[in-house]
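J.: Chain by chain, the residues run as shown.
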Amino acid sequence: MKTHQKILIVDDEADFRIPLAKIISRRGLTVDTAESCSKAMAKMTADPFDVIVMDVSMPEISGIHCLMLIKQEWPSAEVIILTGHASVNSGIEGMKGGAFDYCLKPIDTNELLEKIELACEKVRITRDESFQP
Amino acid sequence: MPGIVNWIKTVFSLDKSARRTPEELQAAFRARYRSFRALLTANNNALEAMAEMEQTLQSGQTFSMAFVRSRSTAVMVNVYKMIQHLTVLSDGRYHHLETVFEKISTHLNDTLEEAPRVYSGEWIIPLTRLRRTMADEVGEKMANLGEVASLAGVKTPPGFVITVSAASYFLSANNLAPEIDRLLQMLDTDNLAEVYTASAAIQQMISNSRLPADLEEKIYSAYAELEKETKNDVTVAMRSSALGEDYAGASFAGQYHTELNIHKEFLGQSYKEIVASKYTSRAILYRLQKGYLHKDIEMGVGCLAMVDAAVSGVTYTRDPANPASSWVILNMTQGTAQRVVDGTCNTDLFLVSRQSPHMILQHRGANSVNSSGSGLAFPDILTMKWASRLTEIALILEAHFGSPQDIEWSINKQGEIIILQSRPMVAAIGAAGSDSFLSESESGEESSLCGLVIGKPCIASENGHFGFPQNNEWSIDKQGENNILHSKPMVDGTDEEDRDNSQDEQGAGHPLLRGLITGSQGVACGPVYLVRSSVDMLQFPKGAVLVVEHPLPEWAPLLTKAIALIGETGSVAGHLATVAREFAIPAVFGVVDGLKKLTNGDIITVDATNRTIYSGKREDLLAQAAQQPDLMAGSPVQGILRNLLQHITPLNLTDPGSPYFKSNYCETLHDITRFCHEKAVVEMFRFGEKNHFDQRAAKRLMGEVPLDWWVIDLADGFREGTDITDKTICMEDIVSAPMIAIWEGISSFPWQGPPAVSVRGLGSILFQSTMQQGLEPAVASPMTAKNYFLISKNFCNLSVRLGYHFAMIEAYLSDLLTESYVTFTFKGGAADTNRKIGRITLLSEILGQFDFRLEQKGDSLTARVEKRPIEFLRQRLKILGYLSLHARQIDMVMNNQASVNQYREKFLTEINAMLSKS
Numbered sequence: 001m002k003t004h005q006k007i008l009i010v011d012d013e014a015d016f017r018i019p020l021a022k023i024i025s026r027r028g029l030t031v032d033t034a035e036s037c038s039k040a041m042a043k044m045t046a047d048p049f050d051v052i053v054m055d056v057s058m059p060e061i062s063g064i065h066c067l068m069l070i071k072q073e074w075p076s077a078e079v080i081i082l083t084g085h086a087s088v089n090s091g092i093e094g095m096k097g098g099a100f101d102y103c104l105k106p107i108d109t110n111e112l113l114e115k116i117e118l119a120c121e122k123v124r125i126t127r128d129e130s131f132q133p
Numbered sequence: 001m002p003g004i005v006n007w008i009k010t011v012f013s014l015d016k017s018a019r020r021t022p023e024e025l026q027a028a029f030r031a032r033y034r035s036f037r038a039l040l041t042a043n044n045n046a047l048e049a050m051a052e053m054e055q056t057l058q059s060g061q062t063f064s065m066a067f068v069r070s071r072s073t074a075v076m077v078n079v080y081k082m083i084q085h086l087t088v089l090s091d092g093r094y095h096h097l098e099t100v101f102e103k104i105s106t107h108l109n110d111t112l113e114e115a116p117r118v119y120s121g122e123w124i125i126p127l128t129r130l131r132r133t134m135a136d137e138v139g140e141k142m143a144n145l146g147e148v149a150s151l152a153g154v155k156t157p158p159g160f161v162i163t164v165s166a167a168s169y170f171l172s173a174n175n176l177a178p179e180i181d182r183l184l185q186m187l188d189t190d191n192l193a194e195v196y197t198a199s200a201a202i203q204q205m206i207s208n209s210r211l212p213a214d215l216e217e218k219i220y221s222a223y224a225e226l227e228k229e230t231k232n233d234v235t236v237a238m239r240s241s242a243l244g245e246d247y248a249g250a251s252f253a254g255q256y257h258t259e260l261n262i263h264k265e266f267l268g269q270s271y272k273e274i275v276a277s278k279y280t281s282r283a284i285l286y287r288l289q290k291g292y293l294h295k296d297i298e299m300g301v302g303c304l305a306m307v308d309a310a311v312s313g314v315t316y317t318r319d320p321a322n323p324a325s326s327w328v329i330l331n332m333t334q335g336t337a338q339r340v341v342d343g344t345c346n347t348d349l350f351l352v353s354r355q356s357p358h359m360i361l362q363h364r365g366a367n368s369v370n371s372s373g374s375g376l377a378f379p380d381i382l383t384m385k386w387a388s389r390l391t392e393i394a395l396i397l398e399a400h401f402g403s404p405q406d407i408e409w410s411i412n413k414q415g416e417i418i419i420l421q422s423r424p425m426v427a428a429i430g431a432a433g434s435d436s437f438l439s440e441s442e443s444g445e446e447s448s449l450c451g452l453v454i455g456k457p458c459i460a461s462e463n464g465h466f467g468f469p470q471n472n473e474w475s476i477d478k479q480g481e482n483n484i485l486h487s488k489p490m491v492d493g494t495d496e497e498d499r500d501n502s503q504d505e506q507g508a509g510h511p512l513l514r515g516l517i518t519g520s521q522g523v524a525c526g527p528v529y530l531v532r533s534s535v536d537m538l539q540f541p542k543g544a545v546l547v548v549e550h551p552l553p554e555w556a557p558l559l560t561k562a563i564a565l566i567g568e569t570g571s572v573a574g575h576l577a578t579v580a581r582e583f584a585i586p587a588v589f590g591v592v593d594g595l596k597k598l599t600n601g602d603i604i605t606v607d608a609t610n611r612t613i614y615s616g617k618r619e620d621l622l623a624q625a626a627q628q629p630d631l632m633a634g635s636p637v638q639g640i641l642r643n644l645l646q647h648i649t650p651l652n653l654t655d656p657g658s659p660y661f662k663s664n665y666c667e668t669l670h671d672i673t674r675f676c677h678e679k680a681v682v683e684m685f686r687f688g689e690k691n692h693f694d695q696r697a698a699k700r701l702m703g704e705v706p707l708d709w710w711v712i713d714l715a716d717g718f719r720e721g722t723d724i725t726d727k728t729i730c731m732e733d734i735v736s737a738p739m740i741a742i743w744e745g746i747s748s749f750p751w752q753g754p755p756a757v758s759v760r761g762l763g764s765i766l767f768q769s770t771m772q773q774g775l776e777p778a779v780a781s782p783m784t785a786k787n788y789f790l791i792s793k794n795f796c797n798l799s800v801r802l803g804y805h806f807a808m809i810e811a812y813l814s815d816l817l818t819e820s821y822v823t824f825t826f827k828g829g830a831a832d833t834n835r836k837i838g839r840i841t842l843l844s845e846i847l848g849q850f851d852f853r854l855e856q857k858g859d860s861l862t863a864r865v866e867k868r869p870i871e872f873l874r875q876r877l878k879i880l881g882y883l884s885l886h887a888r889q890i891d892m893v894m895n896n897q898a899s900v901n902q903y904r905e906k907f908l909t910e911i912n913a914m915l916s917k918s
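As given, the protein sequences belong to chains A and B, one line each in that order. Numbering-wise, my numbering puts 38 at position 38 of the first sequence, and it's gapless, one number per residue. Numbering-wise, my numbering puts 141 at position 141 of the second sequence, and it's gapless, one number per residue.
One chain only, chain A, in its complex shape (with noise of 0.2 Å):
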């Protein structure tokens, strides 16, 4: 999965994010990290992401709430949002804040990555039309 697309991931928990970002660093993805939304919020302004993937609990700004925050200031990058199994709604929330798609905790790494392959190429079909004349 060869791609210059730029992935995300935003997770208060070290033990899960730091292991996620080297899975898919080793797919040929470039990735990065961060602990909370605002920081998550920081790096987008600096450089934006295409692809994000992120937890729904975190605290300060849930993961929910950053969701709709990042889709209103970057409509075309996808954010595919990470549930536990307790909280069912958060699938549907997050599938009406703008989410590409959900994946439930704990995460099969394959089905993440497809997700992911999906939600780049959904990002690059985007690009291209819109700069079509």
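Hint data in this document are derived by calculation from the structure and do not stem from the laboratory. Given the structure is predicted, the values throughout are model-derived calculations rather than measurements. Just to be clear, a hint being listed does not mean it is correct.
[Unchecked claim] No more than 30 Å apart at the CA atoms, straight line, and that leaves these computed lysine-lysine pairs for DSSO-like:
#, chain 1, residue 1, chain 2, residue 2
1, A, K71, B, K103
2, B, K231, B, K272
3, B, K542, B, K617
4, B, K155, B, K264
5, A, K115, B, K155
6, A, K115, B, K827
7, B, K857, A, K115
8, B, K561, B, K542
9, B, K103, A, K96
10, B, K228, B, K218
11, A, K122, A, K43
12, B, K218, A, K96
Based on these hints, arrange chain B on the given structure of chain A.
T.: Chain B only, in chain A's frame:
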């Protein structure tokens, strides 16, 4: 892409009001097509998750709330996606669907997010005030004990209960719930190391939390009252009494802590540790397996004065393997009852007649299990008098509670019988009476009971020892007299003659090992895995036979992975035996040198019913094994799943031609998927209609093949120069490679029409019609009768509907292997479930022979093959084309094995003939 260019030019010339450049139209079409594909994917995902939920409910296998939530989320999200994509396709035409979806989601969320109970009662209640009706405040165990205490002639230890309200207050005062929830949400329950880590973290968090001062004061003031009733500095037993712990069929045997001999100064800390034991790894896994919600289990804690026990034991008022037994079972040992239930010692077992006078019918001594162990001087300690009195009390409790009881008791140094616990008994799973401790006489003429006693003499007498273990054949005649028929010495706990006979009867080799006690009936086969330490435990593989020295409650989590259990020691009354019976895992105890004689990886067959272990796989024994029971029966999680499915799976919108096929008639998520799918296909036309190319969009396929076939060209599927104004199309004008391959399969052999249906088969179909109103194949609407090909040069999606069944073939053929795929989904039919499954099974057998990856869920089948060369995929498409026509309606005759065989042979012969031509 000349086809699409022509099409765009046509559109352009006809629709002056909505002029777009060809590029704009092409982009619009691509976007629509992407939404259509995404809708189909979401449809597939939603239906798969629904099938999985239904299948899980029907299978009787264990599942957790995590499963219910994840599949519900999958269904809801995918249905929501379908609505979004249909909205894009239809330019908002079906916006009402969102309201319908919201309504159904609210039902689902209400079911899923039921608020946990709120307790606001007293924190401390003395045992004397407790009754069984107070189980919600103190847990079943202590509520039952309070009820026992109220019975005349039955004694319990004095004490009090710290209620679930108190535990709830303790946890909320320290704001622990959010962090506990977070840790549990993240849990991968298949990863034992992760479960242990989370369990340890949660328990530590609770144990280290501060006990609120007001609660601590109440506890110590209740203890002061207990001191007045007993003596100063009385030591206490602190027992867990969780909500739901002792419901019939789901005793949380040994999952939570009991702490004995607690001194005054450790009351607070012990209390916290017992509350924390709600989160032991084995309790977490047990709740998941049995379908209990963590939030529904709160911990009451009994605080009872210690009994100075001379002898303790467990009484079953009925034989677990034979609910109709006419005896009670007493398991006992010297000292506290804990030793009986934790499996650390071998016990003496007595079977005592339920009828008065309560005579000892059988005695298996501890000596017979382990010659090195110190045998008890039974019946010196337990005289006839005590056996009789214990049985009397047991029967009082059984009569009072109205069901067979599992009773824990001690006899104190003053000779008083003290009842420590009484709860509903978990019956052994399997054929009743097939392996009870005793069996009714086969002849039934001369005696009412007979049996073979292994161990000490069976006739209870205060000094009736023979001096060494005996095997006694005996009977009780109809006058209730005991008769010894035969008595001989026993060697190594096993009767040599019996051993030889057994070998002859089995005829397939000598048993590798024998046990003495059936903990849980059944037969299972798998590789041996010896567990001596917690390190072994972490590495325990799924599907292995668990072999342990002592069947400790600590091994309980492994029973979710093990297929059988072997213990060198243990008793039928031990916690692990109880858990094994609940999970229907065969368990045999008293297997001398099991750890020495078995090696990891050895394949063995454990016949727990007959207490024998064989090397290798014994198909004959396995064939006799009882079927898996419904382990989730009556559990809250099963109830939740059943409730949820009422809003998810029933299909009310069945006939697209019906006036009721509207979004506001969608009552379930399945209805929405059906509606969205149907309308998405229609919307592909609407795109054409709106742009004045409706005549161009769908063309009737002309040919010799029966049924209606329509083709929609998505991009470049028609030959260049095809007359786009013509309402029909011939195969010669199709250039879609996958469609051509499918069509070759469809037209390879003439279809004989649906098979002749017997009156019985027709009855089933009529029954289905009654059950699924609106589905009537005889008056199928145009949409249900048509079969649509959506094509481009490399792509084809064929939707086949006829009457009750639905099939879809989709393929993309590309020179790039990674892009190529062929998928086939098939669901439904008119006949009953067995016949539908019969057809699916037949299709699976055939497709399996041609390298398809198969997934069968209920009556739906998905077959896939991908990333293969084009020619390989073309051949698979031919097979699918052939089957999509020829397998129609054969479900009607799938109840007849001869028909199944006949169709299998016909299909394979014709498919092979078809492939050999190409």
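J.: Now look at each hint and say whether the structure bears it out.
T.: Right, here's what the structure says about each hint:
| no. | hint | verdict |
| --- | --- | --- |
| 1 | K71(A) x K103(B) | holds (27 Å) |
| 2 | K231(B) x K272(B) | holds (24 Å) |
| 3 | K542(B) x K617(B) | holds (17 Å) |
| 4 | K155(B) x K264(B) | holds (24 Å) |
| 5 | K115(A) x K155(B) | violated (64 Å) |
| 6 | K115(A) x K827(B) | holds (27 Å) |
| 7 | K857(B) x K115(A) | holds (24 Å) |
| 8 | K561(B) x K542(B) | holds (5 Å) |
| 9 | K103(B) x K96(A) | holds (15 Å) |
| 10 | K228(B) x K218(B) | holds (16 Å) |
| 11 | K122(A) x K43(A) | holds (22 Å) |
| 12 | K218(B) x K96(A) | violated (50 Å) |
Of the numbered hints given earlier, the model fails hints 5 and 12; all others are met.
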